[in-house]
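Trainee: Respectively, the protein sequence lines represent chains A and B.
Heads up: the first sequence begins at 12 in this note's numbering, then just goes up one per residue.
Heads up: the second sequence begins at 12 in this note's numbering, then just goes up one per residue.
Rather than coming from a laboratory, the hints here were simulated on the basis of the structure.
One or more hints might be untrue.
Which copy is meant is left open, so a pair is good if it fits within one copy or across any two.
Claimed, not checked - In silico DMTMM-like cross-links for lysine to aspartate or glutamate, where the CA-CA straight-line distance does not exceed 25 angstroms:
1. Lys-70 with Glu-126
2. Lys-70 with Asp-116
3. Lys-109 with Glu-73
4. Lys-70 with Glu-117
5. Lys-70 with Glu-123
6. Lys-70 with Glu-96
7. Lys-109 with Glu-98
8. Lys-109 with Glu-16
9. Lys-70 with Glu-131
10. Lys-109 with Glu-96
11. Lys-70 with Glu-147
12. Lys-70 with Glu-98
13. Lys-83 with Glu-50
14. Lys-109 with Glu-123
15. Lys-83 with Glu-142
16. Lys-83 with Asp-113
17. Lys-109 with Glu-147
18. Lys-83 with Glu-117
Keep in mind it's a predicted model, so treat the numbers as computed, not measured.
Number of protein chains: 2
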Amino acid sequence: MLTMEQFIQACRQRGLNVTYQRMLIYRVLSQRHDHPSAEEIYQQVRQEYPAISLATVYKTLETFAEHNLITKVTQLHDQARFDGETEPHHHLLCVHCKRIVDIRDERLNQLEIPESCRQEFQILGYRIQFEGICPECAARQSC
Amino acid sequence: MLTMEQFIQACRQRGLNVTYQRMLIYRVLSQRHDHPSAEEIYQQVRQEYPAISLATVYKTLETFAEHNLITKVTQLHDQARFDGETEPHHHLLCVHCKRIVDIRDERLNQLEIPESCRQEFQILGYRIQFEGICPECAARQSC
DNA sequence: TTGGATGCAAATACTTTGCACACGG
DNA sequence: CCGTGTGCAAAGTATTTGCATCCAA
């Protein structure tokens, strides 16, 4: 989370033009803590700048995420993926090709649930997603 | 992961008709370990049963997931969600209303990466997603 | 001035729905 | 036979793209 000054700096460092739209989108997103969708951000930005287009919001969020100014909570959102297994286990995702490998390790199933979770939510479980680059993608990149 | 006999049993227990399509879809999914999309399952099932429709695959996967015969890897896949924070932290998701709350706990950032992950993938990090039911949804349900 | 950013509309991708017919129990 | 499941086509939703115009640097 950056201040507006830091944000402007960060854009310049990355060669991104600092536009009014980008500042609004960044401000709206960083002031919210519920991880909104593009549509929700669009609706909120529109209140201050009605001329903005939804396509700009999409493009801007994508650009920010590529430049590591924000993150996408849902990396695999573009299509649903299914798992024949219902027993607790974890996943390792290749951030390039989106391949998923199962991870089974008893120690990972014994995580202590933090107090902040238990506080109000009725906890059902948890999933750990490891992220990395698979050998095939690593080989392709280094060429 | 169930044998075909166990699967048929499990369907009966849940009051689900055992159809040829359902058996094929379950078999294809449980034999793969890459967590395919509906389209990929459709393409593979089609090789054995060309008359199947993509809509049936979608409906069937949804039904299976509701009855806990399979799981959806991507619960939030229906729309992308963004986070203004790029520093490592974790999430608590309400499985009903899809609300996301940030979880910060230093102990969660010190997980030991399992050997099976390191083996080949170049690991970039991990995210933990806790899942539960938020107070609002819990109140609504109990009525 | 100039390349990157925006806005609009059209296109695409994924998923869901309505309905007539088929089939499992 | 009854009610659930299926297939098809159409509709719905989320997202991306092409392109003319605009604007930050």
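Trainee: Against each hint, give a clear statement of whether it holds in the structure.
Mentor: Hints versus structure:
1. With identical chains, the CA atoms of Lys-70 and Glu-126 are never at most 25 angstroms apart, being 38 angstroms at best within one copy and 38 angstroms at best between copies.
2. Taking the shortest Cα distances, Lys-70 and Asp-116 never come within 25 angstroms of each other, neither inside one copy (39 angstroms) nor across copies (33 angstroms).
3. Both within a single protomer and between protomers do Lys-109 and Glu-73 lie at most 25 angstroms apart by alpha-carbon distance, with minima of 17 angstroms and 22 angstroms respectively.
4. Taking the shortest Cα distances, Lys-70 and Glu-117 never come within 25 angstroms of each other, neither inside one copy (41 angstroms) nor across copies (34 angstroms).
5. With identical chains, the CA atoms of Lys-70 and Glu-123 are never at most 25 angstroms apart, being 39 angstroms at best within one copy and 36 angstroms at best between copies.
6. With identical chains, the CA atoms of Lys-70 and Glu-96 are at most 25 angstroms apart between copies only, with a shortest distance of 18 angstroms across copies and 36 angstroms within one.
7. Proximity of Lys-109 and Glu-98 under a CA criterion of 25 angstroms is satisfied in both settings, with 22 angstroms inside one chain copy and 22 angstroms between copies.
8. Taking identical chains as interchangeable, the C-alpha atoms of Lys-109 and Glu-16 are never at most 25 angstroms apart, the minima being 35 angstroms within one chain and 32 angstroms between chains.
9. Proximity of Lys-70 and Glu-131 under a CA criterion of 25 angstroms is satisfied in neither setting, with 36 angstroms inside one chain copy and 34 angstroms between copies.
10. For a Cα distance limit of 25 angstroms, the shortest separation of Lys-109 from Glu-96 qualifies both inside one copy, at 19 angstroms, and across copies, at 22 angstroms.
11. For the identical chains of this complex, Lys-70 and Glu-147 are neighbours neither inside a copy (29 angstroms) nor across copies (34 angstroms), given an alpha-carbon limit of 25 angstroms.
12. Taking the closest pair of Cα atoms, Lys-70 and Glu-98 come within 25 angstroms of each other only across two copies (22 angstroms); inside a single copy the shortest separation is 38 angstroms, beyond that limit.
13. In the homo-oligomer, the alpha carbons of Lys-83 and Glu-50 lie at most 25 angstroms apart both inside one protomer (14 angstroms) and across protomers (24 angstroms), since each shortest distance falls under that limit.
14. Taking identical chains as interchangeable, the C-alpha atoms of Lys-109 and Glu-123 lie at most 25 angstroms apart only when they sit on different chains, with a minimum of 23 angstroms there against 29 angstroms within one chain.
15. For the identical chains of this complex, Lys-83 and Glu-142 are neighbours both inside a copy (13 angstroms) and across copies (18 angstroms), given an alpha-carbon limit of 25 angstroms.
16. Proximity of Lys-83 to Asp-113 under the C-alpha cut-off of 25 angstroms is found in both arrangements, the shortest distances being 22 angstroms within a copy and 14 angstroms between copies.
17. For a Cα distance limit of 25 angstroms, the shortest separation of Lys-109 from Glu-147 inside one copy, 12 angstroms, qualifies, whereas the shortest one across copies, 34 angstroms, does not.
18. Taking the shortest alpha-carbon separations for Lys-83 and Glu-117, only the inter-copy value of 22 angstroms comes in at or below 25 angstroms, while the best intra-copy value is 29 angstroms.
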